[in-house]
Amino acid sequence: MSLVGGVSSMASSRSNNAATCDGAPGVAHFLTSGFVESFERRHPARVLETLLCDRTTGKNIIWADGEYERLGDGYRGDDEIAVGRITGMSSGVIKPRVSKEQERQSQRTKTRAEVFTPSWLVNRMNNLLDREWFRRDGTFNSEAPGGWDTSRDEIRFPRTRGRGWRAYVGSRRLEITCGEAPFVCSRYDTVTGEEIPVEDRIGFLDRKLRVVTERTRTPGDWLKWALAALRATYGFEFQGDNLLIARVNVLETFCEHFRHRWGSEPPEADVERAAWVVSWNLWQMNGFTDAVPTTRAGAPVQSTLFDYEEPSLEPVQLSLFDALGADDVGDGAPPPTDQGGRDAVPLCVIYDWQGEKPFEYVSLKGKACPMEKKFYAVIGNPPYQTDPGEGNTRAQPIYDKFMDACYEVADIVELITPARFLFNAGQTLPSWNEKMLDDPHITVVDYEPDSSKVFANTDIKGGVAVTLRNSRVDYGAIGVFTAFPALNEIIGRVSRATAGKEKLDSIFASQRLYKFSDTFFQENADNDNVQKIMNSGTRTKIVSSFMEKVPDVFLVQAPRDASYIRMLGRIRGQREYRYIDARYVKANEYLDAYKLFIPEANASGAFGERLAEPVVGLPGDGSADTFLNAGPFSSEEEARALAKYYKTKFFRALLGARKVTQHSPQQVWRTIPLQDFTPSSDIDWSKSVSDIDRQLYRKYGLDDGEVEFIETNVKEME
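Per the numbering used here, residue 1 is the first one in the sequence shown, and the count goes up by one each step.
There's no promise every hint is true.
Stated by the list, open to error - Here are the computed lysine-lysine pairs in the DSS-like style, where the Cα-Cα straight-line distance is at most 25 angstroms: (1) K224 / K357; (2) K515 / K501; (3) K435 / K367; (4) K503 / K715; (5) K586 / K532; (6) K586 / K515; (7) K532 / K549; (8) K715 / K687; (9) K453 / K435; (10) K461 / K715.
Read the hints as simulated data drawn from the structure, not as lab findings.
Turn these sequences into a full structure, and let the hints steer you where they fit.
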């Protein structure tokens, strides 16, 4: 179900499981009684030891950040997570997110760029993956506001080769940056802590185990196919505590489905086998380097596969191990070093259960790897941005890097991310945005402009979107994305009418239009404030803050004995003019012409909103980078005509297709057709703004429904 077109179910808050999933008992008992402690009571100590193993290094997984350093030795980022550090006197150290005090949750969200995916959204995204398999909706459940209604009918499979139940169980699926593994298994809602009954769970492993339950008749047969499902279930995570929770959740999911089907505990030997598989298939990895995490900045990454030593699974009844083929499965490689003698970080090693050998995850990337070796599908909620750190107010996006990486390892990729790239906006590179918008294999299946309706108390400018990429399907390029079908029709109509013609972005100058000249720096070499300008990182660009910081250069009144330029800037939150010696500003084609000054930071980015008033610039006027310059024009009338065009509903509707934040970079004006602003134009610019709108509707052939959409959704601005 798509949000596009006003469907609002994605915006609903998660309903109580009791309303949508029969028998939900409230907050999960293992969250209130101690997560690791509850696990310890049910399983031998060696199972927990297995789940702490890092199969790449042959050691234990590490903490990987400084969150626990306050606890002392053994809790630093590169320290291994030892059983004794999380049990006994140290019980309660590792907790699922919903069990943590609110302050730590908020800090973790800030420093780790995490948002936690509610179960109703996990269900929707897994349903979309299953739609690709079954070619129909509602196979496992039907979506309800904030939840779902489970289908009690036996799952029917397509009569298509390679789409039967065994193939479904064995289809390799990966959750990236999996956290507590909500897309894999859904023991509880990761946001509310509500326990979800086994029969109503919605993780992709839960779905496979439901199929196994429906298709098998004996415990032995169930265990055989459940282990096959585990071997096809993957996830990676950076943080050690999250990874351990994910591994516990996956193993307990295996046990709980067995218990639900057969009314007893699974055999201990099979639990140990399952733990062995889980310790391989859910691994600790830095998603940027494809290597084991480390807190050592700049540590080199190195392959260790040729040094890999393969150990054996501890003695168990291997006759029940079926196709696991793990008589000797890795003890890890010795710690690598690079040629400079520094400790290197090994590339992550995972296991090929069909080929019965370990391999490096990075080898899945690129065209050299055959598709049958890759994952059937990748799903997840990647990190969105870096931690800006001290003194840096702007975090850098990283979700684009994860999207690109996912496309290399699977045919089908479904992710929820910030939506700004769909509007060619935000901090991702315009070239990357355009690549995504031009990719015919990508489609937008969900869009929500208000991120807080998806992730509570989280403001993501431009909203969030669920995208699906299937390299085997041609959806047609997105081109220009909007949340409104009517606006898509309008854009298509206008684009066809203006094909091959210049758009409005062609008359906007760069924000670096007005620059200090060499003369300015030569004559002010002893001015301390000027030296600060030179070292500020803005180079020669004139910015509003300089107009206030260098009052002996930017004067309130222009002297009469020299040629001065009047510069428009924003000083103390107000638009103000200052005067600067003309020799201090590099010449450009806008300076001696008429132009229109438009604020670069302009309103919020909400569709149809009123924009800030533009200012007509006269010859001899310039501006700080706070304002965009549109022109240049030979007459004031042309600049004023553009100002009227800017205020029309038609103009602002088209602008809203790309402008989803306060910022107005050059590319947001690309959807708007350029007009002739002279008296010979086919538009009579002497008329009122509302009359000009009517002329534009007629010029581009908008029908009554399209006109009504604009008139209803775009605010007046006279």
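*Holds or violated: K715 with K687, Cα cutoff 25 angstroms?*
Cα-Cα ~19 angstroms, so holds.
_Hinted pair, alpha-carbon criterion (25 angstroms max): K586, K532. Please report holds or violated._
Holds, at roughly 20 angstroms.
*asked:* Next pair to validate is K224 with K357; report whether the Cα-Cα distance is within 25 angstroms.
replied: Measuring from Cα to Cα gives roughly 20 angstroms; hence the hint holds.
*Starting from K435, check that the Cα of K367 is at most 25 angstroms away, please.*
Roughly 19 angstroms between the alpha carbons, so the hint for K435 and K367 holds.
*asked:* Check whether the Cα positions of K461 and K715 lie no farther apart than 25 angstroms.
replied: 21 angstroms, holds
*Between K503 and K715, does the CA-CA distance stay at or below 25 angstroms?*
Holds, at about 23 angstroms.
*Could you grab the alpha-carbon distance between K453 and K435 and see if it respects the 25 angstroms cut-off?*
With Cα atoms ~29 angstroms apart, K453 and K435 exceed 25 angstroms; violated.
*Within a Cα-Cα threshold of 25 angstroms, do K515 and K501 meet the stated pairing?*
Judged against 25 angstroms, a Cα distance of about 31 angstroms means the pair is violated.
*Starting from K532, check that the Cα of K549 is at most 25 angstroms away, please.*
Answer holds: K532 to K549 is near 10 angstroms, not above 25 angstroms.
*Given the hint that K586 pairs with K515, does the C-alpha gap stay at or below 25 angstroms?*
6 angstroms, holds
The structure does not agree with the numbered hints 2, 9 stated previously, though it agrees with the rest.
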